[in-house]
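Engineer: Residues per chain are reported as follows:
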Amino acid sequence: MGTVEYIQHHLTNNTIGEGFWTFNMDTIIVSFLLGALIVFTAARLGKQLESGTPGGFQNFVESILDFVSTNVRDAFPGHNPLIAPIALTIFLWVWMMNFMDLIPVDLLPWLFQLVTGDSHAYLKVVPTTDLNTTLAMAFTVFALILYYNIKIKGIGGFIKMFLFHPFGKFFVPVNVVMTAIEEVSKPLSLALRLFGNMFAGELVFLLIALIGGTLAVGAAALFWAPLQVLLDLGWLIFHLLVITLQAFIFMVLTIVYLGMAHDEGH
Amino acid sequence: MSINATLLIQIIAFVLLIWFVNKVLWGPLSKLMEERQKKIADGLSAAEKGKHELELAEQKAKEVLKEAKAQAQNVLSQAEKRGSEIVEDAKVKATEEAERIKASAQAEIEQEVSRAREQLRKEVATIAVSGAEKILGKEVNAAAHNDMLEALVKQI
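Quick mapping for you: the protein sequence lines, in order, are chains C and R. First residue of the first sequence? That's 171 in our numbering, and the numbers climb one at a time after it. First residue of the second sequence? That's -3 in our numbering, and the numbers climb one at a time after it.
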C-alpha cells in the first residue's frame, strides 16, 4: 500500500447513504459509545455516592466538577443552572473523543478489518477529526447563544445589538456586517479549531506510523523501528496535552460566548 | 470529510448527552457537594459558636469565682469581727466578775474585820474591867462606868 493510499484510507469514514444523507457510521457509533460510557459511569457512580468520605473515583470526578464549576463561576456573569452541565458535557465528551486519537492509529482499524473480514473496511475512530461532530457541537452552542441573546435582551435588544454595535449609530450598515461576522465566527472558530487540531494530530500519528510501515524494510528496520517508537511516544505525550487543552478551550469559549449572550450591556 | 447528515445525528447526540449528564452526573453530584459544603460551613460556624460560648462560660465562671471569693472574704471578716466582739464581751464580763468577786471578798473581809473588832471590843471591855478590878481590888460597877467603857471601846 502506498503512502498516500495509507493516509487516505485512514482518513475516510465508514459511511452509509448517498449525498447529504450520508451517515458516517464510525463517527456516530464511536461518539455514541463514548457518550454512553460517560452516562453509564456516571449512573454507576450515582448509585454509590458518598457524602462524608468520597472514595478515589468519586474524588476524581468531584475534582473535575469543581474545575468546571470554577471556570463557569470565573467566566460566566449571573446565574444559569444549565451552563455548568453544558460545560461539563463538552469537556468530558470532547476529551474522550479526542482521546481516541491516542490509541495506536492502526489498532482499531486492523481489529475492525479482522472482525468484518474486509481488509479494506474504512474506520476513522476519532470523532473530532470529523467536521460533522465539531460543527454539531458548535451549532448547538450557537443555537444556545442566539436563544439566550433573544431571551435576555429581547428581540429589540438583539436587533439593536446588530445595528449599533460596535461603532455606534452612524455606521449602521457597517455594524450589521461586523456583528454578523462576529456572531458567525463564534461557532465556526469553535468547530474549526477543534477539528483542525485533532485532524493535524491524527495526521502526524499517521506519518510517524509510516516510518515503520514503509521505510523499515530488512536491516533498515533496526534503525527506523526504534525511531518510530521514540517519535510516537514523544508525540503521544505532547498530544495528551493538546487533547486536554482543546477540550478545555472548547469548554471555556462556550462559557464565555454564552456569558456574552447573557450580558445585557450591549 | 464533507458535511452530511452525520451533523444532525451529532447535534441530537450532543443535546441528549447534555440532558443525561445534567440528570445523572451534574445534578446529583453538585447537589451532594453543595450539601457537603453547607455541612462543613455549618460545622465551622457551630465550632465558632461553641468557642464563643466557652469564652462566655469562662468569663462567667471567673465572675462567679470572684463573687465567691468576695463573699468568703466578707464572711471571714465578719467572723473575725464577731470573734473579737465575743472576746471583748468576755473580757468585759470577766472584768465585771472579777470586780464583783473582789467586791464581795472586800465585803466579807470588812464584815470579818468588823466582827473581829466587835469581838475585840467586847473582850477589851471585859479585859479592861477585869484589869481595873484587879487594880482597884474591888468590883467595878459596870453600870457606873459603862459610859466610860463605851467611850473606851469606841476608841479601839
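Some hints here could point you the wrong way.
[As the list claims (entries may be wrong)] Simulated crosslink set (DSBU-like; lysine-lysine; CA at most 30 Å straight-line):
#1 27(R) to 217(C)
#2 35(R) to 321(C)
#3 35(R) to 45(R)
#4 321(C) to 130(R)
#5 45(R) to 217(C)
#6 323(C) to 45(R)
Calculated from the structure, these hints are not laboratory results.
Engineer: Does each hint hold? Answer for all of them.
Structural biologist: Hint-by-hint comparison with the structure:
1. 27(R) to 217(C): 14 Å, holds
2. 35(R) to 321(C): 36 Å, violated
3. 35(R) to 45(R): At roughly 15 Å apart (the allowed maximum being 30 Å), residue 45(R) and residue 35(R) satisfy the hint.
4. 321(C) to 130(R): 166 Å, violated
5. 45(R) to 217(C): 36 Å, violated
6. 323(C) to 45(R): Given that 30 Å is the threshold and the Cα spacing comes to 46 Å, the pair is violated.
In terms of the numbered hints stated before, the structure departs from hints 2, 4, 5 and 6, listed from lowest to highest.
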